[in-house]
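Produce the entire structure from the sequences given, and follow the hints as far as they go.
Here the protein sequences come in this chain order: A and B.
Be aware that the first sequence starts at 1, since it is given in this note's numbering, and climbs by one per residue.
Be aware that the second sequence starts at 1001, since it is given in this note's numbering, and climbs by one per residue.
Don't read these hints as lab results, they were simulated from the structure.
Nothing here was measured: the structure is a model prediction, and the numbers come from that model.
Misleading hints may appear alongside valid ones.
Said to hold, decoys possible - Straight-line distance between alpha carbons at most 20 Å, and here's what the computed DMTMM-like set of lysine to aspartate or glutamate pairs gives:
id, chain 1, residue 1, chain 2, residue 2
1, B, LYS1062, A, GLU151
2, A, LYS72, B, ASP1281
3, B, LYS1062, A, ASP98
4, B, LYS1062, A, ASP147
5, A, LYS80, B, GLU1287
6, B, LYS1240, B, ASP1332
7, A, LYS72, B, GLU1287
Stated by the list, open to error - Here are some chain A residues pointing at chain B (derived, C-beta under 7 Å):
id, residue
8, PRO76
9, SER163
10, TYR164
11, ILE173
Even glycine gets a Cβ: it sits at the ideal position worked out from N, Cα and C.
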Amino acid sequence: MLPSEHTQKTEQDVSLFDRMTESVLRHFAGRTSRRGVVARLGGLAAAVPLFPLLPVSRASAAAPAAGKAASKAPTPFGAKAQVKDANACDYWRYCAIDGNLCTSCGGGVHSCPPGTAPSPTSWIGSCYNPQDGNSYMIAYRDCCGQDSCNEVTCLGTDGDQPSYRPMANNDIIWCFGTGTSEMYNCSTAAVVGKAS
Amino acid sequence: MSLLSPRKSWLGLLLGSAAFFSAATVQAAEPVLQTEQSDVVTLKPYSPHTILVEDAVYTHNKDGRVDVVDADRGVLLGMVQAAYNPNMVLSPDASHFYVGETTWERGNRGARNDLLAEYDSQTLKLTADEKLPSRALVTPKRNDMAISADGARVYVYQMSPANAVQVVDTKEHKVTHTVEIPGCALAYAWGNAGFSSLCGDGTLSNVSVEADGKASVTHSAAFFAPDKDGIFEQSPSVAKDGATYFISYSGKVYPTILSANSVVQPAWSLQEGAGLKPASDATAPFEVTWRPGGWQMSALHKDTHELYVLMHRGTFWTHKDAGAEVWVYNTDTHKRIRRMPLKVASTMVGVTQDASPLMFTTDDSGDFFISDARTGKLLRTMKGLGTSLIFTVAPGEG
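Following this line, the structure appears as structure tokens:
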């Protein structure tokens, strides 16, 4: 028996904090590239001095409410999602995204980069916003016509179904009917309605 | 008395010495290189350890490739282009392989071509280059394409966006059927003239390919709950006898014999087979336990009835997380018989089909790890073989 097997069998004895930490770190390790980590650490180092100047720092008084909202999160992704950085994989709208963030490719959360075209069809996710405690329907529309942008790449799998459920599958190239080569560049995440 | 005069004798000695030293000089120098002719290597017939590795090159998808690898030496033997979310299958006798790919005439623009390229396995020369009506553009999964047990048909899943499977006659090099499979996806080949597809209502669609472009379709009863616990599309399948192990996100294994009347047997649990309680499904997504996951997250060694599954610890909805370990099950006893921690977590596992099987895994840098499948011992690493190595195909898998 391996040590980790023993750990598994005595899981009830392990603190919630330990389990959550392990889960988050495994999740993070499995989803991030070394380049992505370096980029984010660099971004963090640059951004930290700015935080005291920004209004969001004063929103810390609302932390208990946010914590309460997070506890209502229907999925593990929602429970740790954030609402401030649309260039990070844990941004709340990206719970089911798979691919390159258009925010890092010259576009925005619902805007395609220049030189590409948005897909009229998409797959749909339901993501929890920890700021207001609501879940929203998110349309992950691909931007098409150029090859992979490949700056910040994320893989969210909340509600991700195999391709026999195409509207919930994030592996399909959703570039049908764009009038382009149907070559995938990046993914946007537009709010299309409230889910709850 | 010498026959030579003294003067001639001296001259002979001088010439002899010159010849001796000249020969010694020639012997000491590098030999003069011979003129060479350029030629092309022809590979030997494939051994059980000569494998195909699909590299989807996610960073610039239009430049995918299929590598031919000698896994005994950890050496790249050759490669072919495989453009834009390609698929590939190897013929049962390993003499040919097929690449489904998509190109545009002017790179990222112009007319689209969906193609099925046939390669000679030893020369890597094109032996056919069939234009297809369409093919699914989706991050490649093994069962987006399949080959019949006798190699006479290749099945190409298309989504345009209506779902269908094209049947390609590999002798005539033409599409003989386009079978619509509404609400279903993928192709798991069985026998010489049939395939099944997984459907969004929890059923299987079973297609018998008939003559004159006809096909008959049956549906099995629903056997899984798609909303609560989906089935991995990369579940391993054997065309020869239709034996398939559909694995659910939570870790249920549904042994199935695919045919025109597919039979799904009661499910067993990966966790229970390892002495753990079954994992939760989507109704309790926060439970952390060992779960199957990755991309090509499972492989089958047919002769020993061993099922290899990449496992990680996580919540539900972590079905694409890389596996930290490979757990090996006996498909007859449903028990875990080996547990092999990986040095580097992998989204892919593959095995060869011989009596001394090798196991293949990768990392997110495109390194390729070759291990002894019976022990998990890492034998050799091919550093930077590719960019996005997503599955392997070894001779005899079908």
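Now for the hints, and whether the structure bears them out:
no., hint, result
1, B:LYS1062 <-> A:GLU151, "17 Å, holds"
2, A:LYS72 <-> B:ASP1281, "19 Å, holds"
3, B:LYS1062 <-> A:ASP98, "18 Å, holds"
4, B:LYS1062 <-> A:ASP147, "7 Å, holds"
5, A:LYS80 <-> B:GLU1287, "15 Å, holds"
6, B:LYS1240 <-> B:ASP1332, "18 Å, holds"
7, A:LYS72 <-> B:GLU1287, "16 Å, holds"
8, PRO76, "4 Å, holds"
9, SER163, "4 Å, holds"
10, TYR164, "4 Å, holds"
11, ILE173, "4 Å, holds"
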